[in-house]
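**Student:** The chain contents come next:
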Amino acid sequence: MTSANQEPAKVVFNGISKSFGRKGESLRVLEDINLEVQDGEFICLLGPSGCGKSTLLNIVAGFEESDAGSVTIDGEIVAGPNPQRVFVFQEYGIFPWASVWDNVALGLRHLSEQERAKIVEATISMVGLSGFEAAYPMELSGGMKQRVEVARALAVSPDVIYMDEPFGALDSLTRLGMRAEIVRIWQQEKKTILFVTHDVDESIQLADRIVVLTERPGRIADIVEVGLEHPRDLGSGEYGAIKNRLYDLLGVAHTI
Amino acid sequence: MTWVFIAMIVLAAAGVKLQDSLRDSLRPLVAPLCVAMIGVGLWGLAVIWTGSRVFPGPLQTCLGLAELIESERLWGDIIASLFRVTWGFFLAASVGIPLGLVVGWNMRVFTAMNPIIQGLRPISPIAWIPIAILWFGIGDGAGIFLIFLSAFFPIAVGTTAAVRNISLVHQRSAENFGLAGLELFRRVVFPAAMPQIITSLRIALGVAWLVIVAAEMVGMDSGLGYLINDARNAGSRYDLVVATMVVIGMIGIVLDLLIRQLERFDEVRWGYEKR
Ligand SMILES: Nc1ncnc2c1ncn2[C@@H]1O[C@H](COP(=O)(O)OP(=O)(O)O)[C@@H](O)[C@H]1O
Ligand SMILES: [Mg+2]
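Quick note, the sequences are listed as chains H and U, same order. If you read the first sequence in the numbering used here, its first letter stands for residue 1386, the second for the next number, and so on. If you read the second sequence in the numbering used here, its first letter stands for residue 1274, the second for the next number, and so on.
The hints are simulated quantities; they were obtained by calculation from the structure and are not laboratory data. Don't take each hint at face value.
[Unchecked claim] Just a few of them, taken from the derived set where beta-carbon distance is under 8 angstroms, the chain H residues facing chain U:
| # | residue |
| --- | --- |
| 1 | Pro1466 |
| 2 | Trp1486 |
| 3 | Met1523 |
| 4 | Gly1527 |
[Stated by the list, open to error] Derived coverage of chain H by chain U (criterion: at least 3 residues anywhere in the stretch with Cβ under 8 angstroms from a Cβ of chain U; other residues may be distant):
| # | stretch |
| --- | --- |
| 5 | 1471-1480 |
| 6 | 1490-1496 |
[As the list claims (entries may be wrong)] Pair by pair, the computed Cβ-Cβ distance ranges are:
| # | chain 1 | residue 1 | chain 2 | residue 2 | range |
| --- | --- | --- | --- | --- | --- |
| 7 | H | Lys1503 | U | Asn1379 | 31 to 39 angstroms |
| 8 | U | Ile1411 | H | Glu1498 | 24 to 32 angstroms |
| 9 | U | Ala1309 | H | Gly1409 | 58 to 66 angstroms |
| 10 | U | Glu1546 | H | Glu1498 | 30 to 38 angstroms |
| 11 | U | Leu1455 | H | Pro1616 | 44 to 52 angstroms |
| 12 | H | Glu1524 | U | Asn1387 | 36 to 44 angstroms |
| 13 | U | Leu1455 | H | Asp1424 | 34 to 42 angstroms |
In this text, a Cβ means the ideal position worked out from N, Cα and C, and glycines have one as well.
Just need the whole structure built from these sequences, with the hints factored in.
**Tutor:** In structure tokens form, the structure reads like this:
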């Protein structure tokens, strides 16, 4: 994949491979993943369940090590997690023992009280949770919890945001709302986003480019440019064409 | 008298049957009360029918309780027992919680310490009584030491398990936002483990209350356990023995109610609701 962009890529995957040892056997999960992500790009990693999407994202985020290959961000090899690159988990990574306010303030410990308050307030309002600052996650719906987690990530102004099926546990209506929200925030903040999903529609609604992974062991089947303006018309012909193309790549019939 | 107890049982049985017609708010109160009444009735009948001269019935026990309450002794013994339990328990918590946090978090420390803790844990605190007396003599010191031992293991082991149960996403969140050292403990490890720590405190306090009575029966000259022994030795006053047992039970309930208040804080409620 060559990009028309002349700038050096923000995130580069260099031949990432990974196996897990299980009961003496080795399970090949990822094979030779190469990818260049531009600064400010919204990338979806799309693939069937169990193909290694989470493993790949965890390696890129520095939570797990690859067997071969490396990841560089701004030319530096990733050796571990970093507050400049925040991970949004599917299963609620926010802390249930802390209020919404304290959760969002987590990454701002080095700032003065005043600065911190300003950022926390602005971020909470950006994700539409004003008025819930004192609430505990237990008192919030799934969608609101995920907003808190997004706010916690945005508060530190990260360069890159990793999202691993962040809306997977939400009902379909909330999920649609959250997608619109994340696109709005992305357009406003210009972050680089790596978003894992197994949902074809989700990837077309969100991404600039969709990286389609094969069944395990995960390899890149192809990279699909979406090239539609936001807000996207889910009924348009282009949308349907991309959808068909993705289904073909995933090896799934698009008529039932 | 026989008829009084029979009437009690019949009445209570009727109460159990009738409770459906009661308001919802009363039901959780009425049912246990009826069951208790049936138990007391059966107890009274059993004492009458077996013709026991030593074993007290409900009425003698109530009179014994009144006698105890009037005597200055009871309060002194209650305070003696509570004093030992309080100090032993606080010492155990202040050593057990930090130790459990470190052992649970640090794999190396865990590998080194866990076998020793697991090896000492199954030794009943009662078995330590001779050593406690040898080291501390008859008195509060030995009691506090024994309560420390009884409470320490549930707290340390419970805290260790709590830390090892911290979910991976929370560990990774902490790592992602650069938390380390004391801050990591204060903001993540400790609060994440807190609900389970409170549960282990509850268990530990229960065990402590069990052990103090036994310890006082064997190796001390005050406290509720000693009171039981004394009542038996001083002329087989089994009415006072059973009355003291009732007091022990009630204080146990109050202690548990008190420590359960910890579960109501906003910072830990997440650990108990929805399981
Ligand atoms: N820590 C691990 N140990 C062993 N096997 C693992 C581990 N993590 C993931 N796997 C296996 O690797 C495969 C890919 O997992 P994952 O990356 O979670 O897939 P996805 O996110 O695409 O559903 C699965 O078959 C899973 O069972
Ligand atoms: Mg996954």
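**Student:** Give a verdict on every hint.
**Tutor:** Status of the hints after comparison with the structure:
Taken as an interface hint, proline 1466(H) checks out: its beta carbon lies about 5 angstroms from the nearest beta carbon of chain U, inside 8 angstroms. Here the hint on tryptophan 1486(H) is broken, as its CB sits about 12 angstroms from the closest CB of chain U, past 8 angstroms. About 5 angstroms separates the beta-carbon of methionine 1523(H) from the nearest beta-carbon of chain U, less than 8 angstroms, and the hint is met. Checking glycine 1527(H) against chain U by beta carbon gives a least distance of about 12 angstroms; that is not within 8 angstroms, so the hint is violated.
Against chain U, the stretch 1471-1480 of chain H contributes 8 residues with a C-beta closer than 8 angstroms to a partner C-beta. That satisfies the three-residue criterion, and the hint holds. Taking a C-beta to C-beta cut-off of 8 angstroms, the stretch 1490-1496 of chain H contributes 3 residues in contact with chain U, enough for the three needed, and the coverage statement holds. For the pair lysine 1503(H) and asparagine 1379(U), the supplied restraint of 31 to 39 angstroms holds, since their beta-carbon distance comes to about 38 angstroms. Remark: the range hint 24 to 32 angstroms for isoleucine 1411(U) to glutamate 1498(H) is contradicted by a beta-carbon distance near 56 angstroms.
Between alanine 1309(U) and glycine 1409(H) the CB atoms are about 60 angstroms apart, so this pair conforms to the stated range of 58 to 66 angstroms. Range check, glutamate 1546(U) to glutamate 1498(H): Cβ separation about 32 angstroms, and the 30 to 38 angstroms hint holds. The hint said 44 to 52 angstroms for the Cβ distance between leucine 1455(U) and proline 1616(H), and at roughly 47 angstroms that hint holds. The supplied range of 36 to 44 angstroms is met by glutamate 1524(H) and asparagine 1387(U), whose beta-carbon atoms lie about 37 angstroms from each other.
Checking the proposed 34 to 42 angstroms range against leucine 1455(U) and aspartate 1424(H) shows it holds: the Cβ atoms sit about 36 angstroms from each other.
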